[in-house]
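**Student:** Sequence:
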Amino acid sequence: MSGDSYTGFDEGAAKLWDQWSRAISSNTVVQLRTVTAPPFAPTYSLSTLDTSTATADAHWLQIMAGPLNRLLVQRIRVYQTVAATAATLGKWSLFRLTTAGTGGTSVTFQPLDPIDAATPATAMTRPSAKGTEGTKLATGSLVMLAAAGTVTAGVDLLLLDLDWRSDLSKAPTIAAGASNGLAFKSETDIAGGSVRFDVETTELFWG
Numbered sequence: 001m002s003g004d005s006y007t008g009f010d011e012g013a014a015k016l017w018d019q020w021s022r023a024i025s026s027n028t029v030v031q032l033r034t035v036t037a038p039p040f041a042p043t044y045s046l047s048t049l050d051t052s053t054a055t056a057d058a059h060w061l062q063i064m065a066g067p068l069n070r071l072l073v074q075r076i077r078v079y080q081t082v083a084a085t086a087a088t089l090g091k092w093s094l095f096r097l098t099t100a101g102t103g104g105t106s107v108t109f110q111p112l113d114p115i116d117a118a119t120p121a122t123a124m125t126r127p128s129a130k131g132t133e134g135t136k137l138a139t140g141s142l143v144m145l146a147a148a149g150t151v152t153a154g155v156d157l158l159l160l161d162l163d164w165r166s167d168l169s170k171a172p173t174i175a176a177g178a179s180n181g182l183a184f185k186s187e188t189d190i191a192g193g194s195v196r197f198d199v200e201t202t203e204l205f206w207g
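According to the working numbering, the sequence shown is numbered sequentially starting from 1.
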């Protein structure tokens with residue numbers, strides 16, 4: 001039978017809880033005050049250069065974990081930077097990778113906190129030899145525009161924002177190991193266009 005469980009706290013006389021006494025419905029109660037600490041796990045961002053959207057079934061972006069820690073992919077944003085030859089409804093998917101692709105353009109993660117060490121996780125755009133696809137985690141669509149008035153040089157258009165923090169859902173997690181990764185795959189040939197990615201990840205050194 002399921003039920004609540006409790007953990008006792010006894011640190012001796014040197015440490016004290018911060019409490020506040022007040023009356024609720026004529027009853028004296030003591031409330032424990034807590035302060036939510038800022039996130040402490042190392043968090044990294046990357047921003048890619050323009051990536052061609054031509055060629056169906058291409059991996060526009062791959063992210064590979066480091067050898068020791070799991071990698072939590074918190075957010076992926078996709079921006080259109082160059083107009084497509086024709087407006088196109090494209091299909092995308094997120095796949096787990098069981099081997100890393102090669103031959104693409106490497107992108108370096110940057111720590112959001114300068115005291116955090118560089119991450120051994122890696123990323124690259126458009127690997128010419130794709131990594132081995134495993135489980136499909138998600139799929140969807142995006143609209144690539146072609147009209148000159150809607151895609152202006154130097155002004156990127158947000159096409160897709162996968163933000164697992166905003167709805168408190170569990171984000172895609174990559175197991176530790178350099179052969180474990182995630183690929184953002186385009187299943188559609190979108191001639192002429194280009195996109196770039198902004199990604200935020202967190203290294204998990206527990207669990």
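Because the hints were derived from the structure by calculation, they are not lab data. Among these hints, one or two may not hold up.
[As the list claims (entries may be wrong)] Each pair of labels, with its calculated beta carbon distance range:
#, residue 1, residue 2, range
1, R165, L68, 21 to 27 Å
2, T55, D161, 22 to 28 Å
3, L49, A191, 16 to 22 Å
4, R75, T36, 19 to 25 Å
5, V30, G134, 49 to 55 Å
6, L158, I24, 44 to 50 Å
7, G192, W164, 28 to 34 Å
[To be verified] Computed list of lysine-lysine pairs in PhoX-like fashion (alpha-carbon distance at most 25 Å, straight line):
#, residue 1, residue 2
8, K170, K91
9, K170, K136
10, K91, K136
The C-beta atom is built at its ideal place from N, Cα and C for all residues, glycine as well.
**Student:** Hint by hint, where does the structure go against what was stated? Just the numbers, ascending.
**Tutor:** none
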